[in-house]
Amino acid sequence: MGIDLKTVKHISKLSRISVDDEKAKKLEADLNSIFSFIEKLNELNTEKIEPLTSIAETNLQLRKDEIKSSNIREQILKNSPEENKDFFVVPKVIE
Amino acid sequence: MPDIIDLTLVELVDKIRKKKISSKEVTAAYVDRSQKSKKLNTYVTEDFEIALKKADNFDKNPNYEKKLPGIPIAVKDLFCTKNLRTTAGSKILGNFIPTYESTVTENLWNAGSILLGKLNCDEFAMGSSNETSFFGNVQNPVGENLVPGGSSGGSASALAAKLTPTTIGTDTGGSIRQPASFTGTVGLKPTYGSCSRYGIVAFASSLDQAGPMTRDVKDCSLLLEVMSSYDRKDSTSVDFKRGNYLKELNNSIKGKKIGIPKEYRVEGMPKEIEDLWQKGINIIKEAGAEIVNISLPNTKYALPAYYIVAPAEASSNLARYDGVKYGFRSKGENLIDMYEKTRSEGFGNEVKRRIMIGTYVLSSGYYDAYYLKAQKVRKLIKNDFDEVYKKVDAILTPSTPSSAFKIGEKTNDPVSMYLNDIFTVPINLAGLPAISIPAGIDSKGYPLGLQIIGKAFEEQNILNIAYSIEKEINFKNKINDWWM
Numbered sequence: 001m002g003i004d005l006k007t008v009k010h011i012s013k014l015s016r017i018s019v020d021d022e023k024a025k026k027l028e029a030d031l032n033s034i035f036s037f038i039e040k041l042n043e044l045n046t047e048k049i050e051p052l053t054s055i056a057e058t059n060l061q062l063r064k065d066e067i068k069s070s071n072i073r074e075q076i077l078k079n080s081p082e083e084n085k086d087f088f089v090v091p092k093v094i095e
Numbered sequence: 001m002p003d004i005i006d007l008t009l010v011e012l013v014d015k016i017r018k019k020k021i022s023s024k025e026v027t028a029a030y031v032d033r034s035q036k037s038k039k040l041n042t043y044v045t046e047d048f049e050i051a052l053k054k055a056d057n058f059d060k061n062p063n064y065e066k067k068l069p070g071i072p073i074a075v076k077d078l079f080c081t082k083n084l085r086t087t088a089g090s091k092i093l094g095n096f097i098p099t100y101e102s103t104v105t106e107n108l109w110n111a112g113s114i115l116l117g118k119l120n121c122d123e124f125a126m127g128s129s130n131e132t133s134f135f136g137n138v139q140n141p142v143g144e145n146l147v148p149g150g151s152s153g154g155s156a157s158a159l160a161a162k163l164t165p166t167t168i169g170t171d172t173g174g175s176i177r178q179p180a181s182f183t184g185t186v187g188l189k190p191t192y193g194s195c196s197r198y199g200i201v202a203f204a205s206s207l208d209q210a211g212p213m214t215r216d217v218k219d220c221s222l223l224l225e226v227m228s229s230y231d232r233k234d235s236t237s238v239d240f241k242r243g244n245y246l247k248e249l250n251n252s253i254k255g256k257k258i259g260i261p262k263e264y265r266v267e268g269m270p271k272e273i274e275d276l277w278q279k280g281i282n283i284i285k286e287a288g289a290e291i292v293n294i295s296l297p298n299t300k301y302a303l304p305a306y307y308i309v310a311p312a313e314a315s316s317n318l319a320r321y322d323g324v325k326y327g328f329r330s331k332g333e334n335l336i337d338m339y340e341k342t343r344s345e346g347f348g349n350e351v352k353r354r355i356m357i358g359t360y361v362l363s364s365g366y367y368d369a370y371y372l373k374a375q376k377v378r379k380l381i382k383n384d385f386d387e388v389y390k391k392v393d394a395i396l397t398p399s400t401p402s403s404a405f406k407i408g409e410k411t412n413d414p415v416s417m418y419l420n421d422i423f424t425v426p427i428n429l430a431g432l433p434a435i436s437i438p439a440g441i442d443s444k445g446y447p448l449g450l451q452i453i454g455k456a457f458e459e460q461n462i463l464n465i466a467y468s469i470e471k472e473i474n475f476k477n478k479i480n481d482w483w484m
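Note that the protein sequences, when read in sequence, are chains A and B.
Per our numbering, numbering through the first sequence is continuous, rising by one, with the last residue being 95.
Per our numbering, numbering through the second sequence is continuous, rising by one, with the last residue being 484.
Just chain B, with the same shape it has in the complex:
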């Protein structure tokens, strides 16, 4: 039998059900490896002792009917976990202990899984390299001093380094798909309204979605099935018929029409990415799908519109961090002074920058010029997708315009950092589902991903297309455990 840590989630579930391994053995294996991997800085809070106890309890009283029987899982530290510190990667939340559980994590525990700990992320999920976290950089297991991407960087790193069998992240502009691409893993952002936002620390509420981050497409289908649910506690949760994504997973894409948008051939994109995209096109053609050249003319306006909408919503969502009810407080001469010092010392530079952009674009006299304009552009971007979806079933693009970069390489230029999300942001603006799968490596040996974008609520379709490409590419992540 292969090592426990080398098994996929679906294989683990099968082995536990067949009583070939116990939850305790699995949990102990991951705890052990996580403890030896502190150099990666993936965990903000470990919950190992309790996890081992829970695994013991599962083995004593097992329920194999559950979808994730006794499976240990570490999660992004943006999900509120009852009675366990939740930081969102920020100093300002201090030692905040939630009194409630996020719906998505509750769904995981109800399916039989066990919390291993909370994973590092960019502060309030604002970042594309995990460098804005108050708790420090995360190392990408692919190579030393390489960023894992962000904001779900700790999740992607822990997953690729096999410190957790599977994990979850959140995606506001690419925060699941970009780190998945940088670490050679699979990440899916569901349709807006598929996974409940209840109990997730809010960044930009009209864009935020939780989603699975996994080793392969099968695992992704299973985890999405568990995470997605209609929830009255989230007013934008959508009551639609959710699929049995794993059971219905198949690689038959014959007759599907797949769009290739010309606007994603951006200037300066490395040839390797261009080639990889072509490889993906050839694979789906070979599998019997029809390739259709399409145009999404407003693509270039997506990122500028995003940098109005997301900071505007963030400035409003983050107004609650005032040093009164929870978290960090700085001393002030009076109430206002206390607010201003608390927020100045409690937030990091990127978060402050975005709060200020958001405050500015919403301030008196500027609302029409910026926020309203951006909402109109958002409409145009959504119209672009609506239009092409009359002709195609899904869209294939690269996930990112580059592979993982060095720590510190882009920290001094916010705009160059923002450009990382050029291929992922339009999808959030339009509320659509998209998956990133590893599809190859560049000349440096770093993973590159392909993105499949679907119609709203058609997650099964993009999973099937991803599955058919995955089977052909047979990507193997080369990770040599350099940090151990």
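Here chain A stands alone, though its shape is the one from the complex:
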């Protein structure tokens, strides 16, 4: 099956990556070539196979939810692109 331009635009929306028309065309070609490679899997009948869900085959460990680092609020906020004393700043959401 092929991926058309409309699907590329749809995936770009879902991925939150804006794509202009020229890039979308290039992506359409690339994705089609990659998916025709992936479609090789259809040769295999996997109806009765259990999917592999964990490679480590151990139970995930639980730990207490404790605060271990302190006084790094300032350092963390410093990494944000729009700095503010106490918050992460984003474009206005509510009109």
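Any given hint could turn out to be false.
As the list claims (entries may be wrong) - Here are the computed lysine-lysine pairs in the BS3-like style, where the Cα-Cα straight-line distance is at most 30 Å:
no., chain 1, residue 1, chain 2, residue 2
1, A, Lys-85, B, Lys-325
2, B, Lys-376, A, Lys-40
3, A, Lys-23, B, Lys-331
4, A, Lys-40, B, Lys-271
5, B, Lys-410, A, Lys-40
6, B, Lys-341, A, Lys-85
7, B, Lys-390, B, Lys-279
8, A, Lys-26, B, Lys-406
9, B, Lys-262, A, Lys-40
10, A, Lys-23, B, Lys-325
11, B, Lys-233, A, Lys-64
12, B, Lys-410, A, Lys-23
13, A, Lys-9, B, Lys-341
14, A, Lys-92, B, Lys-325
Hints in this document: simulated from the structure, not taken from any laboratory.
Since the model is a prediction, treat every value here as computed from it, not as a measurement.
Since the structure of chain A is provided, determine the placement of chain B on it from the hints.
Here is chain B on its own, set in the frame of chain A:
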């Protein structure tokens, strides 16, 4: 005494312990050579001044009990280093300064080593040539305008060019072993769960593993020993008895059964690689091991399955790069517009491609056809290995289907680039350990590697087999410092 930069890690440790050289002398030698080698573009961030200070401090107050006493090490820029910029080779991380240290690098510093700087890599470790890095191509010291492989291309190049005595990388589908093979160095991907993933920028979490990249198998054993640890901060870290890999390293492989999988004789593989493989087979036979012909029938489905599983996990892991809490942000008319522009301008083409593949295969209506199917195929691939491991102790294959290629040669065709990892990807899907060692050169003089795949948690076994082959082959990397 040979030049400092020509000593292996194990030799350096010995000389520092015997006070024949100081940490400062070693660090200064590597800083000096690194500064003269900017043309290779291996470093994204240098930390030379601080490294020299740390070396001075070590010499003033030395602790020779440590496993890496005063040893300077440059690391792949995918490991978070506290208070030092970490980029993952991407524009989108901008000037991100981690507030924490990855467990693997913490293990290195706790063992007495010193950070030299952060090394270039493919963006978010997605690539096989180091050409997807926002910070530009890396040159392979083996030859001008040759890729070093990827994604740990900066690490492999810096190691082969002797800009660091040893280094570390990460391997999701071959990102340690393929560049090791392209640069004539040793690279090991440990069993999934051996090295903690905490603090490593995530690509595909069920496949990612950190591992050592070194000049020889002895160095590899020592570095793995330091890197590997059980870590509660990584929920898939496995609590198993880790070996004293260096102490227990030996080249006695008598009676070992080594499998040769027929599916790795792929169409179009150069005869030189075929010959090299045969050379490896002869060496281990000579050493008293038994060769067993085996079949891993689902090998050809590994790469297509990987290109569903890895992008799916990546699309989810990379959702966090939204321009809000750290890194690069583009201006947008509203919140959604800001997200979309930030991600469009902040990610490179290969990363965007993979996020979109991943988003598509996980999207409503396609999950069963792609992701679930791939997880089932992954099970079949793991079953293949489980089955042959009833008969053999390890498997010998080539590391890559070709030697290093020219910069730009494969950038326009993603699938031809993906085919580089045809021999390495199945191992990640099955979570097994594997090592690549340099075993010869092709007609162009470029290095070629052999891969030894082991049973889960049997790193010692593949190290021993690699050690016995290394001793016989006695590979010497011919690097003429053309960039200096």
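Taking the numbered hints from earlier one at a time, note which ones the structure violates and give those numbers from smallest to largest.
none
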